[in-house]
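Visitor: First residue of the sequence shown: 1, per the UniProt record's numbering; consecutive thereafter.
Since the hints were made in silico from the structure, they are not lab data. For glycine and all other residues, C-beta sits at the position ideal for the given N, C-alpha and C. Some clues are possibly wrong.
Per label pair, the in silico range of CB-to-CB distance [said to hold, decoys possible]: (1) 78 <-> 244: 17 to 27 Å; (2) 33 <-> 68: 24 to 34 Å; (3) 73 <-> 35: 23 to 33 Å.
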Amino acid sequence: MTEAEQLAILRDQIDDIDQTIQKLINQRAQCAQRVAEVKLASGAGDIQFYRPEREAQVLRRVMERNEGPLSDEEMARLFREIMSACLALEEPVKVAFLGPEGTFTQEAALKHFGHSAVAQPMAAIDDVFREVEAGAVAYGVVPVENSTEGVISHTLDSFIDSSLKISGEVVLRIHQYLLVGENTRRDKISRIYSHPSSLAQCRKWLDQHYPSAERIPVSSNAEAARLVKGEWHSAAIAGDMASQLYGLEKIAEKIEDQPDNSTRFLIIGNQEVPGSGDDKTSLMAATRNQPGALHDLLEPFHRHGIDLTRVETRPSKVGAWSYVFFIDFVGHADDDRVRMAMAEVEQRVSDLKILGSYPKGVL
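Produce the entire structure from the sequences given, and follow the hints as far as they go.
Guide: Here is the structure:
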C-alpha cells in the first residue's frame, strides 16, 4: 500500500471519529439544557447553574481515566472548554477579574471557567469584590500569592470586611516575555515597563541583558503592553495573552528568574460550596493579646491531624499591634474532624471567620 493510500485511510478514520465526537458533544449539551430545565421547574429562588464541586469531580475523573497519548492536564483542559460551552447554554457565568484585559488574572479566569464565560475587567481588587457583592457578576478572580514575591496583602485585607466566600482556586504558571512594538529595535531599548511584581520576578535577567534600561513600574502588565505599542525605544514585560491582544513581538521568552514561578488565584462568590472529596478550607482568626495565643490557635489542627498549607499574618483594623491570621488547610468545613477542630479554635480566639471551603485546584 502506498503512502498516499495509507494517509487516505487514516484521514477517513479521523473524519469518522470527528463526526462521532461532534455528535456526542451535542448530546452532552442537550443534557446540560435539560439540567437547566429541571432546575428552573423546581421554582427555587436561588438557582445555582455553576457547581464548583461538581466540575472538580468531573475533571478529576477525566484525568484518572485518561490513557494518553494526550496528557492528563491537556485532556482536562479540553473537557473544561466543553463544560464551559455547555454551561453557557444553561446560563453564561459572569466573572469579574483584576484587569485590564491581557493580565495574568484574566488568563487565570479563563483557565478556571473556560472561554465561554463572560469575563469583565476591573481596575482594582476592591472593585472585583464590590461587583460580586453587588450581584453584578456571579464570581470574581483575584491573585492571592506568588511563589517568588509572596502574598498579595491587598487581597487578604479585602476579606476582613467582606462577606464573600472562596469557592475555588487556580494556580497559573507565570511565564514572562519581553515585548516590543513595531517602532522599537531590541538594541535600542532604553525603557522597560511592567508591574512591580514582574519587574522583581525578572530582576536578574534584566541586570544581565538590559542593565542600563530604565525600569518603569505601572499598574499592570497589560497596561505596560498598551504603552509600548506606540512608543519608540521601549519594551514591556508581560504574558503571552498581552502580546496577542496588543500585537507585540516577543523578543525574549520565559525571562523570569525562577523557572517554577507561579501565582495562586482565588475564586470568590456568594455561595458556600459542598464537599468535592478533595478540598481546602481558608479561615481568618483574630487572637487575644496574650502569651501563647498563636500556639493555642494552631494546636487543635495538629491534634486532629489537619494539614496546614499556609499561615499568614496581617495587621488588624481594630487597633495598633493587633493581628489577624489567615490559615489554609486540607479538608472541608463539613468534615467531622474539621468541625471538632473549629469548635475548639473558636473557644480560643476573639474572632473566627471561615472564608470558604472549596475544591483543590484541578488544573
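Visitor: Next, verify each hint and record whether it holds.
Guide: A quick look at each hint next to the structure:
1. Between residue 78 and residue 244 the C-beta distance comes to about 21 Å, which sits within the given range of 17 to 27 Å.
2. The given range of 24 to 34 Å is respected by residue 33 and residue 68, whose C-beta atoms sit roughly 32 Å from each other.
3. Between residue 73 and residue 35 the C-beta distance comes to about 26 Å, which sits within the given range of 23 to 33 Å.
Comparing the model with each earlier hint shows no violations; every hint is respected.
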